[in-house]
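Can you make the complete structure from the sequences, with help from the hints?
2 protein chains.
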Amino acid sequence: MKKLNTSPLSGMQELLPTEQAVFDQLKNNISDVYHHYGFLNIETPIIERTDILLAKAGGDTEKQIYMVSKTDESADSADQALRFDHTVPLARYVVEHNNDLAFPFQVTQINRNFRGERAQRGRFREFYQCDADIIGREKLPIAYDAKVISCIYAALKTFNLPKMIIRISNRKVLAGFLSALNLTDKASDISGIIDHAEKVPAEKTRAALAELGLSNELVDKVCAFMFTKGSYDEVELRLRGILGDLTAVAEGLSELKEVTTVLEAEKTSNYIIDFMIIRGLDYYTGTVFETMLEDYREIGSIASGGRYENLASNFTDQKFPGVGGSIGLTRLFFILREYNLIDMSSANPVDYIIFPITPNEYEDAFELAAELRAKGKSVDVDLSDRKLGDKFNRAGKIADYAVVVGNDEVISQKYTAKDLKTGGTSELQL
Amino acid sequence: MKKLNTSPLSGMQELLPTEQAVFDQLKNNISDVYHHYGFLNIETPIIERTDILLAKAGGDTEKQIYMVSKTDESADSADQALRFDHTVPLARYVVEHNNDLAFPFQVTQINRNFRGERAQRGRFREFYQCDADIIGREKLPIAYDAKVISCIYAALKTFNLPKMIIRISNRKVLAGFLSALNLTDKASDISGIIDHAEKVPAEKTRAALAELGLSNELVDKVCAFMFTKGSYDEVELRLRGILGDLTAVAEGLSELKEVTTVLEAEKTSNYIIDFMIIRGLDYYTGTVFETMLEDYREIGSIASGGRYENLASNFTDQKFPGVGGSIGLTRLFFILREYNLIDMSSANPVDYIIFPITPNEYEDAFELAAELRAKGKSVDVDLSDRKLGDKFNRAGKIADYAVVVGNDEVISQKYTAKDLKTGGTSELQL
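Protein chains in written order, with the working numbering: chain A, 1 to 430; chain B, 1 to 430.
Derived by calculation from the structure, the hints in this document are not laboratory data. Heads up, a few of these hints could be off.
[Claimed, not checked] Quick list of simulated restraints, FRET-style, between CB atoms:
1. A/Leu430 <-> B/Gly192: 48 to 54 Å
2. B/Asn360 <-> A/Arg240: 26 to 32 Å
3. A/Asp390 <-> B/Gly192: 41 to 47 Å
4. A/Val200 <-> B/Ser412: 55 to 61 Å
[To be verified] In silico DSSO-like cross-links for lysine-lysine, where the CA-CA straight-line distance does not exceed 30 Å:
5. A/Lys157 <-> B/Lys27
6. B/Lys267 <-> B/Lys221
7. B/Lys397 <-> B/Lys414
8. B/Lys229 <-> B/Lys157
9. B/Lys139 <-> A/Lys391
10. B/Lys163 <-> A/Lys375
11. A/Lys267 <-> B/Lys221
12. A/Lys56 <-> B/Lys377
13. B/Lys63 <-> A/Lys267
14. A/Lys3 <-> B/Lys27
15. B/Lys421 <-> A/Lys63
16. A/Lys70 <-> B/Lys221
17. B/Lys267 <-> A/Lys391
18. A/Lys56 <-> B/Lys70
19. A/Lys70 <-> B/Lys3
20. A/Lys377 <-> B/Lys267
21. A/Lys414 <-> B/Lys267
22. A/Lys391 <-> A/Lys421
23. B/Lys377 <-> A/Lys27
24. A/Lys375 <-> B/Lys27
25. A/Lys377 <-> B/Lys139
26. A/Lys56 <-> B/Lys221
27. B/Lys375 <-> A/Lys377
28. B/Lys377 <-> A/Lys163
29. B/Lys157 <-> B/Lys186
30. A/Lys63 <-> B/Lys63
31. A/Lys267 <-> B/Lys391
32. A/Lys157 <-> A/Lys186
33. B/Lys375 <-> A/Lys375
34. A/Lys387 <-> B/Lys414
35. B/Lys391 <-> A/Lys377
36. B/Lys63 <-> A/Lys70
37. A/Lys186 <-> A/Lys163
38. A/Lys319 <-> B/Lys391
39. B/Lys139 <-> A/Lys139
Bear in mind that the values here come from a model prediction, so they are computed numbers and not experimental data. By construction, the Cβ of each residue, glycine as well, lies at the ideal position given by its N, Cα and C atoms.
Pasting the structure below:
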């Protein structure tokens, strides 16, 4: 009989060991790719000063934050809370340690963040984010935007998903476009409308723009803009058709061109320029990108990011421009399972389970285990006194192969591995 | 100018990237060994219900716990707090998921825990613990105690530390010994005195025992007991000398004998039976162990654990006996650095940094990077527009080798790797 409620709190991911092994594999894949791309791992504390976390936040973030307090409160302790993303702690880290860092600072954080959102299916209050950022001191060439995009894309490729497409835009193009049309004062509303355009019928989008007081001609132009996508040359041509003169969007276009040129050089080809991409967060100032599964667009973005002109403006007068991207792994893992897009049966956590028949065989069983471990295998030696059938039953749940070590095997020093899925046997090669 | 205090909160570990790389290497080493020994990784949420965490706690734990609350509190939310160890969440996990687990359940958790202790040097409020546990259903053979000890020891061996010694005792031996002397009612006080005996002069220990009302003869016997150490045969002989009859300690001795027999079979030889080992936590019921560096005994235990008869008695009536051990990595890393026992210079996070001279060389630079990454190397491509000298300066802080890719290299397709430590150069073999 249970004495207490032992379910995890709602909104928290808790996996069985075999599921965890698949999750860990994906996390390690991301971490390996980030590492191979030269990103340095850091870990910041999960608990931060509240004034650091909320220096810029507000709105939902402030409402969703987990405050922390000790029952035994010491006098000097500041207000504390759990971090809700990696970006704010990174800004604090860069300011605090900037004299010891090598800029451009290529940095990754793969860890848990916390948001007390309203609990609902597929939304998590504790979730992994896998961030890759590049931070410059004073300036950072636009080519780095492509580097982050390539790296995130390379990480996702390890998941063996159906065809992915990277959608890229640049906030400066939108800002220049709206300025050329004298719509700068409505930029925030129009951004919101573009951001939602994919989820509503075109008529609704037009109506929303008209409601802002835009003439039919301006509605046409804004709609033509937001549905613009293609190669760099294609979108430039299209913009020229809408605006006539490209002066107002020249800076944004030039950045887009550089990003796509570097992506081509890196042979990261599955991208498209797409002016419907906005990214909700208002700290992005240039390049923005999202990644989608082409045949599963209803899933939405599976990884995203962008350029921010100044990472740490709330903490210091020094300027740290940066570009970063993130894979929200906990949510992504949940969704990919819903869509059966990851193979949950693939990863048995254990390679071999060895069954010594009696304690007389322990020494040989341990020696065999040591040999297999030295080859990088995961090996469990079952020391329980249960029946062999029960042992095989347990083994089948977590391992690929079982090896019985009895008197005969000790004498012959020949071992047979039993494939626990097929039942087939073969001599163990050491 | 800084606008806010950007230092991490006191008691939190925050490392520079090159330090983090060493820490990560140690953590990965532990994780790899646990995995190779067949332990399955799980992750429980960092936030738990307070009634789960405090079902058994009390005293210091209760005072040190971090309570968690949302600013936007929903009606159904239970009292929540940050976990202070892995054992309580593991107990909850085993009860919750026991129908889906394969017993004996060999499980590892390598993650952060939280205790709001008084801040002092070398004490952390947020710290990694690397736990390995084996949980049985209804029963669990004593041989598994040896398995946990061997596995923890194998993990520590990857640190390349000076000679380690595993000190092993068994709570049942102490309990039986005190019962034979009719001292069971003073067991708790005497355990505390033995637990501290190593840190105080022998005279103080004798005085403390005398204060409990023990006769001189009993003080002699208890002291003889606590200073008993050696092989199994040696301690059995010694105990026989003190007690005459071994009936009261027979069960504990038999368990100790089995543990040492299995350790011998596993060729884990650096152990000693040592009755001074108590382990403070009162949930241990049989085997207890600590690991020390023989020449740095002042450091104290670097990894410890033991057998608990019932993991989840506060949560369920089902019986789950277990044995586990833990490496407190954050504190251990801090101490090993203090004693210069880990090489902090060894791990450059990046293997190669490539310098394309102009964007014309990007394509070849990226191709070279891809080839090196395919070989498992970490490769950064420096896209900044700084002077080559500045680039080398940055590279020297984080990488082993630099490779310049200019027009000549592109034409010849021959690349030279410069060793950033020695300044020597050699042709890059691909």
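Hints, one by one, checked against the model:
1. The hinted range of 48 to 54 Å is satisfied by A/Leu430 and B/Gly192, whose Cβ atoms lie roughly 50 Å apart.
2. Separated by about 28 Å at the C-beta atoms, B/Asn360 and A/Arg240 satisfy the suggested range of 26 to 32 Å.
3. About 42 Å separates the C-beta atoms of A/Asp390 and B/Gly192, a value consistent with the hinted range of 41 to 47 Å.
4. Evaluation of the 55 to 61 Å hint for A/Val200 and B/Ser412 yields a pass: the beta carbon distance comes to about 57 Å.
5. Between the alpha carbons of A/Lys157 and B/Lys27 the distance comes to roughly 26 Å, so the proposed pair stays at or under 30 Å and holds.
6. With a C-alpha separation of about 33 Å, the suggested pairing of B/Lys267 with B/Lys221 is violated against the 30 Å cut-off.
7. In summary, the hint linking B/Lys397 to B/Lys414 is supported, as the alpha carbons are separated by about 25 Å, within the 30 Å threshold.
8. At most 30 Å may separate the alpha-carbon atoms for a hinted pair to count; B/Lys229 and B/Lys157 meet this at roughly 23 Å.
9. With a CA separation close to 15 Å, the supplied pair B/Lys139 and A/Lys391 stays within the 30 Å bound.
10. Restraint check: the Cα-Cα separation between B/Lys163 and A/Lys375 comes to about 26 Å, which is no more than 30 Å; the hinted pair holds.
11. A threshold of 30 Å between alpha carbons decides the hint, and for A/Lys267 with B/Lys221 the separation of about 77 Å lies outside it, so the pair is violated.
12. Pair hint A/Lys56 plus B/Lys377 does not hold up; C-alpha atoms about 38 Å apart against a cutoff of 30 Å.
13. Distance restraint check for B/Lys63 and A/Lys267: the Cα-Cα separation of roughly 57 Å exceeds the 30 Å cut-off, and the hinted pair is therefore not satisfied.
14. Only pairs whose Cα atoms come within 30 Å are accepted, and A/Lys3 paired with B/Lys27 is rejected, the gap being roughly 35 Å.
15. Between the alpha carbons of B/Lys421 and A/Lys63 the distance comes to roughly 50 Å, so the proposed pair goes past 30 Å and is violated.
16. A hinted pair counts as satisfied when its Cα atoms are at most 30 Å apart, and A/Lys70 with B/Lys221 does not qualify at roughly 44 Å.
17. Proposed proximity of B/Lys267 and A/Lys391 is supported: the alpha carbons are some 25 Å apart, at most 30 Å.
18. The hinted pair formed by A/Lys56 and B/Lys70 meets the criterion: a straight-line CA distance of about 18 Å does not exceed 30 Å.
19. At roughly 27 Å between alpha-carbon atoms, A/Lys70 and B/Lys3 fall within 30 Å of each other, so this suggested pair holds.
20. A distance of roughly 19 Å separates the Cα atoms of A/Lys377 and B/Lys267; the hinted pair therefore holds under the 30 Å criterion.
21. Note on A/Lys414 and B/Lys267: the hinted pairing holds, with a Cα-Cα distance of about 21 Å set against a maximum of 30 Å.
22. For the suggested pair A/Lys391 and A/Lys421, the alpha carbons sit about 15 Å apart, so the restraint of at most 30 Å is met.
23. Our distance criterion of 30 Å between C-alpha atoms is met by B/Lys377 and A/Lys27, whose separation comes to about 18 Å.
24. The suggested pairing of A/Lys375 with B/Lys27 holds, with an alpha-carbon distance near 20 Å, which does not exceed 30 Å.
25. Among the hinted pairs, A/Lys377 with B/Lys139 is consistent with the structure: their alpha-carbon atoms are about 28 Å apart, no more than 30 Å.
26. Straight-line distance between C-alpha atoms of A/Lys56 and B/Lys221 comes to about 67 Å, which puts the hinted pair past the 30 Å bound.
27. Among the hinted pairs, B/Lys375 with A/Lys377 is consistent with the structure: their alpha-carbon atoms are about 21 Å apart, no more than 30 Å.
28. Under the criterion of a C-alpha separation no larger than 30 Å, the hint pairing B/Lys377 with A/Lys163 is consistent with the structure, at around 27 Å.
29. For the given pair, B/Lys157 sits about 39 Å from B/Lys186 by alpha-carbon distance, which is inconsistent with the 30 Å threshold.
30. Of the pairs offered as hints, the one joining A/Lys63 and B/Lys63 holds, with about 27 Å between alpha carbons and a cut-off of 30 Å not exceeded.
31. The straight-line distance between the Cα atoms of A/Lys267 and B/Lys391 is roughly 25 Å, inside the 30 Å bound, and the hint therefore holds.
32. This hinted pair does not check out: A/Lys157 and A/Lys186 have alpha carbons roughly 39 Å apart, beyond 30 Å.
33. Our distance criterion of 30 Å between C-alpha atoms is met by B/Lys375 and A/Lys375, whose separation comes to about 19 Å.
34. For the proposed pair A/Lys387 and B/Lys414, the alpha carbon gap of about 63 Å is over 30 Å, so the pair is violated.
35. For a cut-off of 30 Å, the pair hint linking B/Lys391 to A/Lys377 is broken: about 41 Å separates their Cα positions.
36. For the hint pairing B/Lys63 with A/Lys70, the CA-to-CA distance comes to about 7 Å; that is within 30 Å, so the pair holds.
37. Restraint check for A/Lys186 and A/Lys163: the C-alpha separation of about 36 Å exceeds 30 Å, so the hint is violated.
38. A threshold of 30 Å between alpha carbons decides the hint, and for A/Lys319 with B/Lys391 the separation of about 20 Å falls inside it, so the pair holds.
39. With a CA separation close to 63 Å, the supplied pair B/Lys139 and A/Lys139 exceeds the 30 Å bound.
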